[in-house]
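If you want the building blocks of each chain, they are given just below.
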Amino acid sequence: MKTINKTSKKPSAKTARKATSKAGTKPKGAAAVLEGIAKYIVDEAAKLGATDCEVSISTSESVDIAVRLGEVEQLEGAQTRGVHLQVYVGQKSATTSTSDFRRPALRKLVKATIAMAVASEADPFAGLPETHHLAKHVPDLGLYDPAIDAMPVEKKIQLAIETEQAARRADMRITNSEGAGFSNGGGIVVYANSRGFIGSYRGNYCSLNVGVVASEGTEMQTNSWHSASRTLAGLESPEHIGAMATARAVRQLGARKVKSQVVPVVFDQQMAARLLSQFVGAASGRSIDRKSSFLVGKLDQVVASKLVTIVDDPTMVGKLGSKPFDGEGLPLKRRTIVKEGKLETYLIDAYAGRKLKCDPNSGSTGNLHLQAGDKTPEEIIASVKNGLYLTSVSGPGFNALTGDYSLGAAGIWIEDGKLAYPVSGITVASNLLDMFAGIIAVGSDLEFRGGTNSPTILIDKMTIGGE
Amino acid sequence: MIILATPESELYRLFGLSHTQVQTVLGDAIKNTGGKNATGDIFFQAGASQGISLDQGVIKSTSQSTTNGAGVRVVVADKTGYSHTDHVNITNLRKCARIARAIIEHSNGATNVPLAASGEQHNLYPVTSSPVDAELSDKIAILKKIDKICRDYDPRIINVSTSISCEQQIVFIATSLGDLFMDVRPLVRLNVACLAQDGTRRENGSSGYGGRYDFSVLVSEDNYTSHAHLAAKQAIDLLSARPAPAGEFDVVLGSGWPGVLIHEAVGHGLEGDFNRKGTSAFSSRMFEAVASPLVTVVDDGTLADRRGSLNIDDEGTPTTKTTLIEKGKLVGYIQDKQNATLMGAKLTGNGRRQDYRFAPMPRMTNTYMAGGDHTPAEIIRSVKRGIFAETFGGGQVDITNGDFTFSATCAYMIENGEITHAIKGATLIGNGPKALHNVTMVGNDEALDRGVGTCGKNGQGVPVGVGMPTIRINGVTVGGQS
Chain A
1 MKTINKTSKK
11 PSAKTARKAT
21 SKAGTKPKGA
31 AAVLEGIAKY
41 IVDEAAKLGA
51 TDCEVSISTS
61 ESVDIAVRLG
71 EVEQLEGAQT
81 RGVHLQVYVG
91 QKSATTSTSD
101 FRRPALRKLV
111 KATIAMAVAS
121 EADPFAGLPE
131 THHLAKHVPD
141 LGLYDPAIDA
151 MPVEKKIQLA
161 IETEQAARRA
171 DMRITNSEGA
181 GFSNGGGIVV
191 YANSRGFIGS
201 YRGNYCSLNV
211 GVVASEGTEM
221 QTNSWHSASR
231 TLAGLESPEH
241 IGAMATARAV
251 RQLGARKVKS
261 QVVPVVFDQQ
271 MAARLLSQFV
281 GAASGRSIDR
291 KSSFLVGKLD
301 QVVASKLVTI
311 VDDPTMVGKL
321 GSKPFDGEGL
331 PLKRRTIVKE
341 GKLETYLIDA
351 YAGRKLKCDP
361 NSGSTGNLHL
371 QAGDKTPEEI
381 IASVKNGLYL
391 TSVSGPGFNA
401 LTGDYSLGAA
411 GIWIEDGKLA
421 YPVSGITVAS
431 NLLDMFAGII
441 AVGSDLEFRG
451 GTNSPTILID
461 KMTIGGE
Chain V
1001 MIILATPESE
1011 LYRLFGLSHT
1021 QVQTVLGDAI
1031 KNTGGKNATG
1041 DIFFQAGASQ
1051 GISLDQGVIK
1061 STSQSTTNGA
1071 GVRVVVADKT
1081 GYSHTDHVNI
1091 TNLRKCARIA
1101 RAIIEHSNGA
1111 TNVPLAASGE
1121 QHNLYPVTSS
1131 PVDAELSDKI
1141 AILKKIDKIC
1151 RDYDPRIINV
1161 STSISCEQQI
1171 VFIATSLGDL
1181 FMDVRPLVRL
1191 NVACLAQDGT
1201 RRENGSSGYG
1211 GRYDFSVLVS
1221 EDNYTSHAHL
1231 AAKQAIDLLS
1241 ARPAPAGEFD
1251 VVLGSGWPGV
1261 LIHEAVGHGL
1271 EGDFNRKGTS
1281 AFSSRMFEAV
1291 ASPLVTVVDD
1301 GTLADRRGSL
1311 NIDDEGTPTT
1321 KTTLIEKGKL
1331 VGYIQDKQNA
1341 TLMGAKLTGN
1351 GRRQDYRFAP
1361 MPRMTNTYMA
1371 GGDHTPAEII
1381 RSVKRGIFAE
1391 TFGGGQVDIT
1401 NGDFTFSATC
1411 AYMIENGEIT
1421 HAIKGATLIG
1431 NGPKALHNVT
1441 MVGNDEALDR
1451 GVGTCGKNGQ
1461 GVPVGVGMPT
1471 IRINGVTVGG
1481 QS
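Which chain is which? The protein sequence lines are A and V, in order. So the first sequence is numbered by my numbering: it starts at 1 and just counts up by one. So the second sequence is numbered by my numbering: it starts at 1001 and just counts up by one.
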């Protein structure tokens, strides 16, 4: 999918790390060197007149392989690194970044950042987290798999080629390929601040994907599937990834429009995960403080059906969303955001905590998920007489301020509890509060495939825009 | 005495490398190919970008980042090797070249001869000083004025978020044909968003503008005042907007930013890579009628000061004005070097990349639909029951089946040729190759957007322009809640 937006898009940060610890085992090798740089910056900032300072440093190495129609199409290898620095002079602050790690350059940067802060204006709520809120230890969450780094390029190419072959073999109607890819990357992240926190972790990840084109007559439909993991062994097999991509492309052939109507909508795992991330995004403390969320004033209130329990757990071992501390050095814990329909907490970073007068509990999430229910996806589909099985949405039509939701949609129409025929060129619309209140079934099929995960869900009614 | 900087002297000043050293690295990158025809280039980038934002009446962030890196690319027919470094020196460049040249052993023997860039480099955005270097205190003062203008507009405006972003990037492209190109690229942008509240109802309005020009142009008082008013008005209008209806409607799109339609419905589908691979809904449809005869679509990277404009693309090719659809007939694709070579087409100057960390691809610059004969008022009067959409959030397209979606943030119902009330939450969906046949009226008010678009493709964002006159399209599916 290609997009255009009024906001600039930042490249997604694929980060994956392993913990080393400040208090327990001392960091070794590269992590120790980077911690040394972080400490140098914090010390220099204090010497040069900053009242507070925080630094994050990351280095990563990545390999991206793309194959198409059985041949290697693109090979990319890269080392990336960066220092991000924020200094405070009283309540004034400034942020800078660079990839130049040489000490004279860093010292110059610290000086320039302090000058920028001085020239800026005070925000009475700006500042680092209080010392007693910072993480006390850095748990090892098993984020690094040496097997990924040890894998030879030839083997990675072979995996990608096998995945594409599996997809093209799976159905005669696959007439073209967008290619298959294997990517892996990893590195070290360091965070340090002038309140005494210093911590680092190291980790890596790998992913395997394929996109295919199915056609019949002049019609073409494309679809893809991917698997990502922190361990090589955790990747889905080339056969499975290929078969999934092909099944998803082929089943959209012959897609048609339906009439405008109000019907129940089944969200598949991916669509439900996307919806969940939109909902929880609105629970950000900063949005609440700015009155820019449909969840303003909803704390401790019922915001969803009783079937909805939303959990955030960055402490799970070896998952894609796992991390030992957040970007402000705050500790991460398992927390329940919505319990049986009731909003239990907002996501509070240090700034939002000061504004909302509560303790911070981290503004970020990791391994966010909707707790599994007791129905299989098949049972959920079978319970719908006339409705939509939603497998793809498009466009920017979600408004986090009002909760209004209106997106382009494609999927399979459900008739008498059975998947009947593919649909596209339609829209689905409602409001997130109505949608979450209307969740009448939650599937048992929760899988941890990414940072945000959900089982299949059924929403009682949404407006379909069609003919 | 003024000594004029040359690409060679600037490369040496910013990276400490001579063009001869760079050519040696390139030569090593593509040597010993066993008769296979490899080419290469190195893209250098040095610059700074700055962002200042005001929210809730205070300066929330003041940030600046410096960029300094290079990417080495080796191309053999349809195969590409790429590697970048964030720390440019001769050792790291050689390391990148070694990684990039690994692609050569995967060559299938095809030996396309690469096209050399030809034509004169433009001078579309001469600036006297980097917008990043303008005084911070001036930038802060303007943000505070905007905050006040919005709050004075209506007491229901309860918050204002406004920001200024500035950057200046110097890029160099050294090619294995021996060339060294340089371009100095300023980019500025101002954004304003208003939050309005009436009782428990809250709505957002936003506006923004920018381009490749001096900071002083960005902050002319007329400019920011009109955008502050636009954002405030939109937020206030939405307070009384009703939910959009669902179903098929005749739709009037306003001029300017609604050109997102053109970007999504046809622009992406005409990019060379998708067409070479046969995965676009427009593949193999050259010279066919793909739109109403009223529709002419152009991609033009040569417009002065525009956000989507470039003196040269990121492969060193001067940008051009390329007609994509002429009176409904498909006549052109958007090309980079690799795809133009493989398709036997001419270069259009559309090889672009987000930054030195990425290999280039065919990308749009400023893409717009040309004007027609009707006045906007005539077009609105012609609609019995329909929708007038003038402000959009953004859009998305599936290249292969041609389905596009874009969302109106503020729209109005048209009843019996008159605009009646504001509606919100209208998503418009259609199929590129089909929808443009249903364009029945084209206005005489052709305009580009105000310079805020960022286009995303394969994880790379690049600044673009879009544009359109007021147009009428019949039978568009609108997805509202009522």
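Quick caveat, the hints were computed from the structure, so don't treat them as lab data. Keep in mind the model is a prediction, meaning the values are calculated, not measured. Here a beta-carbon is modelled for each residue, glycine too, at the ideal position from N, C-alpha and C. Watch out, some of these pointers could steer you wrong.
Here are the simulated DSSO-like cross-link-like pairs (lysine-lysine), alpha carbons at most 30 Å apart as the crow flies [claimed, not checked]: (1) A:K257 - V:K1277; (2) V:K1148 - V:K1233; (3) A:K92 - V:K1095; (4) V:K1145 - A:K355; (5) V:K1145 - A:K291; (6) V:K1095 - A:K108; (7) V:K1060 - A:K39; (8) A:K355 - V:K1327; (9) A:K298 - V:K1060; (10) A:K357 - V:K1060; (11) V:K1327 - A:K111; (12) V:K1095 - A:K155; (13) A:K108 - V:K1060; (14) V:K1060 - A:K111; (15) A:K259 - V:K1434; (16) V:K1233 - A:K298; (17) A:K136 - V:K1384; (18) V:K1145 - A:K155; (19) V:K1060 - A:K47; (20) V:K1145 - A:K257; (21) V:K1144 - A:K357; (22) V:K1384 - A:K259; (23) A:K291 - V:K1144; (24) A:K92 - V:K1144; (25) A:K257 - V:K1327; (26) V:K1060 - A:K291; (27) V:K1277 - A:K155; (28) V:K1031 - A:K155; (29) A:K92 - V:K1277; (30) A:K355 - V:K1148; (31) V:K1148 - A:K92.
So these bits of chain A aren't anywhere near chain V, every CB distance computed over 10 Å [said to hold, decoys possible]: (32) R68; (33) Q79; (34) T95; (35) A247; (36) I440; (37) F448.
Open item on the list: What's the verdict on A:K355 and V:K1327, does the C-alpha distance respect the 30 Å limit or exceed it?
Closed with: Violated - the C-alpha atoms of V:K1327 and A:K355 are around 57 Å apart, more than 30 Å.
Task: Minimum Cβ distance from A:T95 to chain V greater than 10 Å, as the annotation requires - done: At roughly 4 Å from the nearest Cβ of chain V, A:T95 sits no farther out than 10 Å, so the non-interface label is violated.
Task: Given hint A:K291 paired with V:K1060 - CA-CA distance at most 30 Å - done: holds (16 Å)
Task: Proposed proximity, V:K1277 with A:K92 (alpha carbon, max 30 Å) - done: Not satisfied, since the Cα-Cα distance of roughly 53 Å exceeds 30 Å.
Task: Straight-line alpha-carbon gap V:K1145 to A:K355, limit 30 Å - done: holds (24 Å)
Task: Pairwise hint evaluation, A:K298 against V:K1233, where the allowed Cα distance is 30 Å at most - done: holds (28 Å)
TODO: Below or equal to 30 Å on CA atoms is what counts here, so check A:K108 against V:K1060.
DONE: Roughly 24 Å separates the two Cα atoms, so the pair holds.
Open item on the list: So if I understand the rule, the pair passes when the alpha-carbon distance is 30 Å or less; does V:K1148 with V:K1233 pass?
Closed with: holds (14 Å)
Open item on the list: Run the distance test for A:K92 versus V:K1144: straight-line Cα separation, threshold 30 Å.
Closed with: With Cα atoms ~16 Å apart, A:K92 and V:K1144 stay inside 30 Å; holds.
- [ ] Find the nearest Cβ of chain V to the Cβ of A:Q79 and say whether that gap is larger than 10 Å.
- [x] The claim is violated: A:Q79 sits with its nearest Cβ about 6 Å from chain V, within 10 Å.
Task: 30 Å Cα cutoff - pair A:K259, V:K1434 - done: holds (19 Å)
Task: Pair hint V:K1095 and A:K155, alpha-carbon separation not exceeding 30 Å - done: holds (22 Å)
Hints 3, 8, 11, 17, 18, 20, 29, 32, 33 and 34, counting from the list given before, are not met by this structure.
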